[in-house]
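The chain contents come next:
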Amino acid sequence: MKKIPYEPPTQSVAGQIFDAFLMLILVFITLYLPLLFKLAGGGTTTTDFPNPSWETLGQNATMAAQWEKLGFSPEKAASIVGTRFDYSFNGTALAFTALIIIGYFVFLFRYSDHEYREVIAERFGDDRPPEAR
Amino acid sequence: MQNVEVASPPGRQVPKAALSEAPLVAAAPARKIALLRVLGPGHVWALGVGIVLVGEFMGWNFAVGKGGPVAALTACWLAGILYTCVAMIDSEITSTVAAAGGQYAQAKHIIGPLAAFNVGLYLVMAYTMLEVSNAIVTGDLIEAFLTNLGIAGTVDKRAFMVLTIVALAFLNYRGVLASLTMNLLITAAAFAAIVVLFVATQPWAPGAVLQHDALLVGLPYGSLGILAAMHFGLWFYLGIEGTTQAAEEVRSPARALPLGTMTGMMTLLIAATATWYVCSGLMPWEYLGQAVTPLYDAARLTGNRWLEVFLFLGTLFATVASANGCINDASRAWFAMGRDRYMPAWFGAVHPVYHTPYRAIVFFVPVAIMFAVSTPLDQTITFSILSGLLGYTLMALSIVLFRRKWPLGTIQRGYVHPLHPLPCLLLLLLCSVTYLAVFLGYGTQLVAMMTFYIIASAWFVLHRYKYVRRGDQFTMHWPKPRGY
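Going down the list, the sequences are from chains C and A. The first sequence begins at 1 in the working numbering and counts up by one. The second sequence begins at 1 in the working numbering and counts up by one.
So here's chain A without its partners, still in its complex pose (with noise of 0.2 Å):
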């Protein structure tokens, strides 16, 4: 597949070959690769749900701990609209600005620079920070596993987060990347890791495994404590949304996007609503709020020894390819910015040798290290949240402008969702919701990533933006946008 894609969704490997045609597109679009469609709705399925699987593995417990165990039920379900909203819309977007760079381009399409910079920013962050989350797993993992073995103590976990970003840096800077199929067929034995975790826990007979009398409780923190877990509500699909950005891929964007994404996202929530059940029955309510390894310990509780080790390995796989996906993801968005000169220049490089944009991927190897070695697993998801929180909200606005600078019918569209504006004011009301979320408990780390923004924001108007081409800030052919 002939591929000119630089910012693609976590996963979702790009050939060699890719990233030494990349710049030739923003130079000139009339020498532009097109993408082979090849892809229909069951590969956008499977691409979304491979990208989101690791959520069920780790992070979304921190919901249970924000608000007990129906709390978080509550907010998966609740989370879930927001993202069919978030589906739905980009959709719409996607099918349509089939560019390179995906939301990044989008909003360089529709709102204007400074805002792409910032979507920019915020896919960086997420994946940086999802890529820091996911080594913090892998140590913790292997030190709990170990532990288990009976030689505790002799390893140090934090040895193990830093090999898994050193090990995964060096592959991408390599360009050795698993492939998407090889992703697959990992994401595939962590997702049978779960379906087998089911099975094993007997759901169909209450009290045998699952002790959900004993161990289910209430609401500790009220109803307010729905709302606070809100937060980690999102981390059941956290990203589900990258499944459009395959719209030059598809055979019929119109059909497979919205079809695809819609069935990822009733597996995720079929998943999601599972995992929970499975675990909520496992493990007080106080330890799974605030267990690194959920999924591992629901296995441990099992006494199954087999079992165990399967979702070690599970974990393992579901983290490692991640974490992969996500060094990959990452470092291609901050090459873009630095092709589009958003960023220096000196990061828009590709490797002589290896074609891989190797500054950007080594950039990045120090600032992930630091974050996964000393702060705390909560911290870091919830940076990634934040990000993607922006995002959406960004999203819901852009629709607004998309469908007022090219109303329905002055150019071709792929995907036309409904009930426009629903959708858009529902997500921003319960991307509101989500701040307010947030700010229970972790206010000071929402000021805090407000601020890197905004400082960030300022940094572009007042130094950055003077570096940048205008015209070249627009590739699409389109008419002229209405009201300019």
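The shape of chain C in the complex, shown without the other chains (with noise of 0.2 Å):
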């Protein structure tokens, strides 16, 4: 037996308006705040070069040509040579982002298979004993 089609309620302009606002407040919360204060991509260490030179840089002859084509002095590449990444992590911080993203994947699994049933219902019929539903 098909179920009953639901009937959403209809929005508010006032109420789109505000969702619409708040997708935007969201992305600039956890997208761009972290970006602006610099909490985002900082796995990095640099290494000072004192009176630097192509040699101190660890650059070859040909290194040092090719960087001195782009337009860079042994004082300007010091900061993009001495720049690394910081590959060090532990594993209270990898297992807690493990799990953020497998509860994100199990959540949206679990209730979208919910609402799924919903759709189905509606679409094909409840063949389920009423208790199942």
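These are computed hints drawn from the structure, not numbers from a lab. These numbers come from a predicted model, not from an experiment. Some hints could be false.
To be verified - DSSO-like mimics (lysine-lysine), calculated; alpha carbons at most 30 Å apart, straight line: (1) LYS76(C) with LYS157(A); (2) LYS480(A) with LYS3(C); (3) LYS157(A) with LYS69(C); (4) LYS480(A) with LYS466(A); (5) LYS38(C) with LYS3(C); (6) LYS466(A) with LYS3(C); (7) LYS38(C) with LYS157(A).
Said to hold, decoys possible - Listed next, with one range per pair, are the computed distances between beta-carbon atoms: (8) PHE198(A) with GLY15(C): 52 to 58 Å; (9) VAL217(A) with GLU68(C): 17 to 23 Å; (10) GLY82(C) with TRP204(A): 34 to 40 Å.
Every residue, glycine too, gets a C-beta built ideally from N, C-alpha and C.
Join the two chains into one complex using the hints; note that each chain is given alone, in its own frame.
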């Protein structure tokens, strides 16, 4: 037997505008602010080179020539050469991140399935016994 | 070509009439207007290469920064395997669920509304952040070119970033879109620029122009660098799965989709390797690993002024064409979500004169400008990659559900990918590796992105879903799925 179609409420214009701005605020807070405050992508270490030369920067003659063709002096190149990614991490942070990702997908699939059953029941009918619905 | 698609892949343009017809599809499936089946494997190939080509001009080189040049090449090939799995799985699903909306519609039919809502957001965020990345590169490129002409300091690159976004948004608003043919011409010019650069560097004569002996280093981060480089390795191919969204317009989906997509993959693999070869033979890896316009820089290093101008134009064409396609696609995905009430229905409106999803187009302009003028390129690219990665993970799991709900033989499939479930298991494994790769160096950003999707999902479940018509979410003429 097909389920009686669900009739959604009509959302007011003010409600729609509020929802739209809520998404903007969400983008701003979760994605933009961490970048603005340099909280993201900061996994680097910096080595200082006082009075840098191509030799102290570990650049051979060919490398030095290419740097210079690109408009770099040893002083300007030092900050690029001296910046390296820091791949050290603690297991707790890794486990926490993994838990977030796995938890997100588990919830996504479980709740989607719950909603999907409503969709299928409306479209095709629900053959399950009443206690299972 | 009549077209009812609202979320088309990058580079594909929706004719004016399409959007005004689109709402009819959701409301009354019986009145659905069929697409003309005119595309062959060659078109699918061109579509795929056109979508992804901008990735050869910028972004891929951050993989060099994360692991060194050798790690970047290894990541490029590993990412090629990941995308081969994506292409195989997506070919089967799309050739069967040939419904308007691409992966968003597929998620509605196979997994459920919450997953579809998330897939819609993945598409919007991936395309918007790619648009932002393109705007950043355009600004940097023009500044670098003007600096080389000796007129540095007179222009602010942020002005060009804003101009790119606003001008392309205006074109999209007016519906004065470059056609697919025009975009393909621009892409062809960009592809020619890569080929000309490759030939001009005389790869058959090592040491003449390319200096691999002196410039190529091993693994500065050890083998961990190969893992870390997988993060930006995806950039070589991100978006190739868009080819399969042409399913409704392909003459023979069973043949054309896998053939066109796989040959596109092979082309990109070769182009990516050639790009890597030229750049790693011209630049110290430390510079290459953070360059905004690596191919343009490579042209500068050859000392050939004409080549420099050609690569300037090639990079400019590739980024502008890509940004144009991104605005087109992000706005249509947002429009589709508005039409289905996953987002406020206000976004589901089309312009009375231009027949474009103008509200969705305008809505994202301030977001794109905000990110373009104040965030680094590697960060915006990471947001785009992460949204794509979440989509691939979902794809690997959805093919299992698809085969379980409609086993082989119960519905007509355009294409059945071989060796199931090996490709989806391999895809899941490589996705997991890539999450780990992003975690190395960009862990905070990974958590930030997950926080965004988790809060958005909670908002959808607790508030937004009550406005959605349940039965309208399933429009395919299939039998009832097994287990329901």
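Outcome of the hint check:
1. At most 30 Å may separate the alpha-carbon atoms for a hinted pair to count; LYS76(C) and LYS157(A) meet this at roughly 20 Å.
2. About 14 Å separates the Cα atoms of LYS480(A) and LYS3(C), which keeps this hinted pair within 30 Å; it holds.
3. With a C-alpha separation of about 22 Å, the suggested pairing of LYS157(A) with LYS69(C) holds against the 30 Å cut-off.
4. Pair hint LYS480(A) plus LYS466(A) holds up; C-alpha atoms about 24 Å apart against a cutoff of 30 Å.
5. With a CA separation close to 52 Å, the supplied pair LYS38(C) and LYS3(C) exceeds the 30 Å bound.
6. Straight-line distance between C-alpha atoms of LYS466(A) and LYS3(C) comes to about 17 Å, which keeps the hinted pair within the 30 Å bound.
7. For the proposed pair LYS38(C) and LYS157(A), the alpha carbon gap of about 21 Å is at most 30 Å, so the pair holds.
8. For PHE198(A) and GLY15(C), the hinted distance range of 52 to 58 Å is satisfied, since their beta carbons lie about 56 Å from each other.
9. Checked against the hint of 17 to 23 Å, the C-beta distance between VAL217(A) and GLU68(C) comes to roughly 19 Å, which is consistent with it.
10. With their beta carbons about 37 Å apart, GLY82(C) and TRP204(A) fall inside the hinted range of 34 to 40 Å.
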